[in-house]
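Participant: For reference, the chains in residue letters:
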Amino acid sequence: MFSTSFSWNDLQFLLNGAWVTLQLTCWAILLGTFAGLIFGLLRALLPRASLPLAWVLDVFRSVPLLIQFVLFNSLKSIVGLNISAFSVGCIVLGVYAAAYFTEIVRGGVLSVPLTVRRASRSLGLSFFQDLRWIVLPMASRVAFPGWLNLVLGVMKDTALVMWIGIVELLRASQTIVTRIQEPLLVLCIAGLIYYVMSLVVARLGARLERRWQEND
Amino acid sequence: MFDYTFQWRATLRALPDMLAGAWVTFETAALSMIFGVLIALALTVMREARHPLLRGIGNGWVSIARNTPSLFQIYVLYFGLGSLGLHVSSWFALLAGITFNNAGYLAENFRGGLKAVPGTQVRAARSLGMSAFQTYRMIVVPQLLRIVFYPLSNQMVWAVLMTSLGVIVGLNNDLTGVTQDYNVKTFRTFEYFTIAAVLYYLIAKAIVATARLMAWRLFRY
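Chains A and B are the protein sequences, given in the same order. Quick note on numbering: this note's numbering labels position 118 of the first sequence as 118, and the sequence is numbered without any gaps. Quick note on numbering: this note's numbering labels position 71 of the second sequence as 71, and the sequence is numbered without any gaps.
What the hints contain is simulated information worked out from the structure, not anything from laboratory work. Remember, predicted model here, so these are calculated numbers, not experimental data. Treat the hints loosely; a few may be bogus.
[Unchecked claim] Capping the alpha-carbon separation at 20 Å, the derived lysine to any residue pairs in SDA-like fashion look like this: (1) B:Lys185 with B:Ala197; (2) B:Lys115 with B:Arg50; (3) B:Lys185 with A:Val56; (4) B:Lys205 with A:Lys76; (5) B:Lys185 with B:Arg9; (6) B:Lys185 with B:Tyr201; (7) A:Lys76 with B:Thr186; (8) A:Lys76 with B:Val184; (9) B:Lys205 with A:Pro52; (10) B:Lys205 with B:Trp158; (11) B:Lys115 with A:Arg61.
[To be verified] The following label-pair restraints were derived from C-beta to C-beta distances: (12) A:Cys26 with B:Arg126: 47 to 53 Å; (13) A:Gly124 with B:Met138: 55 to 61 Å; (14) B:Arg212 with A:Arg210: 50 to 56 Å; (15) A:Glu209 with B:Ile57: 44 to 50 Å; (16) B:Met214 with A:Arg179: 46 to 52 Å; (17) B:Leu15 with A:Val56: 21 to 27 Å; (18) A:Ala119 with B:Leu15: 54 to 60 Å; (19) A:Trp8 with B:Lys115: 22 to 28 Å; (20) B:Ala124 with A:Glu209: 31 to 37 Å; (21) B:Trp8 with A:Glu209: 47 to 53 Å; (22) B:Gly60 with A:Trp55: 50 to 56 Å; (23) A:Val59 with B:Leu15: 16 to 22 Å.
[Unchecked claim] Covered stretches of chain A, as calculated for chain B (at least 3 residues, CB under 8 Å): (24) 112–120; (25) 150–164.
Glycine residues also receive a C-beta, built at the ideal position from the N, C-alpha and C atoms.
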């Protein structure tokens, strides 16, 4: 009675899409973490001078990601950059992640009490030593849950790259739907894959967080 | 290398249509927030309930809404319901998808807010003779809304940004949909989408400003 034309090949196709999703997430988070760390430190340490930076990053948080993809994709063609759609996806998602991570880092750095920093400076640490050995370790504890949320958020937002023509998990599922015409089943499988990926990342993060707390 | 001429004049002629689209976007987001808050309140209560089925539904809703992309949720509503013979319009699928998503995220916020309302107050209210519903309505929820006010305004901005996904399931009267319509007619992608981006930015800023104003007016004491 219950029969389906969903085959192992289709599942493999979906898993390939999931692999693209993971790759995109990885690159975007790498870029976002790196840029966000620098911007966040700038925002926390030089609040007045980096105000324009805050305005620029605010734009990336107030414009839908879909429109950012389209804009950057067309800008790429206008300027004549010859990069793949995958790189466009990585760059846009990376900048988007950086915009959010900047605020997270800033919050983390500002959560370190000023008295602690004064104490470290009066113990003879230089500005950069204080930053490296006192502020960053303390701030990373505060910022980590936010970072983890960002990773999960970016993983879900990678679904939007289908609009600029990258075959990731959701696009792959749609391709299969068009062929075998069983949307509910295929979408459920795709959803399950997303769910499992998110759950694994969340669990790993929670474990790391617990281990960090033991050492504090 | 750079031989593209921008055509802003012609693009700006589409502005009235796009403003109308922006209004649809705002309306959709506002509706999804209203339903989202109501459902999230129900979910919050359900997750506190003793009945395992109620708790299971509440927890399941929240974890599915938070662990899958919102675009996926809209897809399931649009294509998935279609395969069950329920044909919904793309606007309805969009609204329901965003509401589902909002409710999940807000329920998590509300749970955090609920923890901040001391249990002693609930007991005090109950011992003053209020029913459980009255306690929630008159003691817990007002304090809860005050705590979650900023997350709420954030979620509203999110909802506006999420409405742009409607275009993927074929919606053509919201801001992104109108923009895309003009785009496929004229291929002035960059110009049209820049205007759309500016409009989205203005909507988001207007919401944040209104929220600040409301907070200043409401939480003065």
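Participant: Give a verdict on every hint.
Facilitator: Hints and how they fare:
1. Distance check on the hinted pair: B:Lys185 and B:Ala197 sit about 19 Å apart at the alpha-carbon level, within 20 Å; holds.
2. A hinted pair counts as satisfied when its Cα atoms are at most 20 Å apart, and B:Lys115 with B:Arg50 qualifies at roughly 17 Å.
3. With a CA separation close to 31 Å, the supplied pair B:Lys185 and A:Val56 exceeds the 20 Å bound.
4. Note on B:Lys205 and A:Lys76: the hinted pairing is violated, with a Cα-Cα distance of about 28 Å set against a maximum of 20 Å.
5. Proposed proximity of B:Lys185 and B:Arg9 is supported: the alpha carbons are some 16 Å apart, at most 20 Å.
6. Only pairs whose Cα atoms come within 20 Å are accepted, and B:Lys185 paired with B:Tyr201 is rejected, the gap being roughly 24 Å.
7. Annotation: proposed proximity of A:Lys76 to B:Thr186 holds, straight-line Cα distance about 18 Å (limit 20 Å).
8. Taking the CA atoms of A:Lys76 and B:Val184, the gap is near 18 Å; set against the 20 Å cutoff, the hint holds.
9. For a cut-off of 20 Å, the pair hint linking B:Lys205 to A:Pro52 stands: about 16 Å separates their Cα positions.
10. As the CA atoms of B:Lys205 and B:Trp158 are separated by approximately 12 Å, the hinted pair is consistent with the 20 Å bound.
11. The straight-line distance between the Cα atoms of B:Lys115 and A:Arg61 is roughly 29 Å, outside the 20 Å bound, and the hint therefore fails.
12. For A:Cys26 and B:Arg126, the Cβ-Cβ distance of about 51 Å falls inside the hinted range of 47 to 53 Å, so the restraint holds.
13. Our hint of 55 to 61 Å for A:Gly124 and B:Met138 holds, since their Cβ atoms are close to 58 Å apart.
14. B:Arg212 and A:Arg210 have their C-beta atoms about 37 Å apart, which leaves the hinted 50 to 56 Å range violated.
15. Here the CB-CB span from A:Glu209 to B:Ile57 is close to 28 Å, at odds with the stated 44 to 50 Å.
16. Between B:Met214 and A:Arg179 the beta carbon distance is about 50 Å. The supplied range of 46 to 52 Å therefore holds.
17. Between B:Leu15 and A:Val56 the C-beta distance comes to about 25 Å, which sits within the given range of 21 to 27 Å.
18. At roughly 57 Å, the beta carbons of A:Ala119 and B:Leu15 sit within the given window of 54 to 60 Å.
19. Between A:Trp8 and B:Lys115 the beta carbon distance is about 47 Å. The supplied range of 22 to 28 Å is therefore violated.
20. Range check, B:Ala124 to A:Glu209: Cβ separation about 36 Å, and the 31 to 37 Å hint holds.
21. At about 50 Å, the CB distance of B:Trp8 to A:Glu209 agrees with the hint of 47 to 53 Å.
22. Roughly 41 Å separates the CB atoms of B:Gly60 and A:Trp55, a value that falls outside the hinted 50 to 56 Å.
23. Checked against the given bound of 16 to 22 Å, the beta carbons of A:Val59 and B:Leu15, roughly 20 Å apart, stay inside it.
24. A count of 0 residues in the region 112–120 of chain A with a Cβ less than 8 Å from any Cβ of chain B is obtained; the coverage claim is therefore unmet, three being the minimum.
25. Residue count for the region 150–164 of chain A with a Cβ under 8 Å from a Cβ of chain B: 8. That meets the three needed, and the coverage hint holds.
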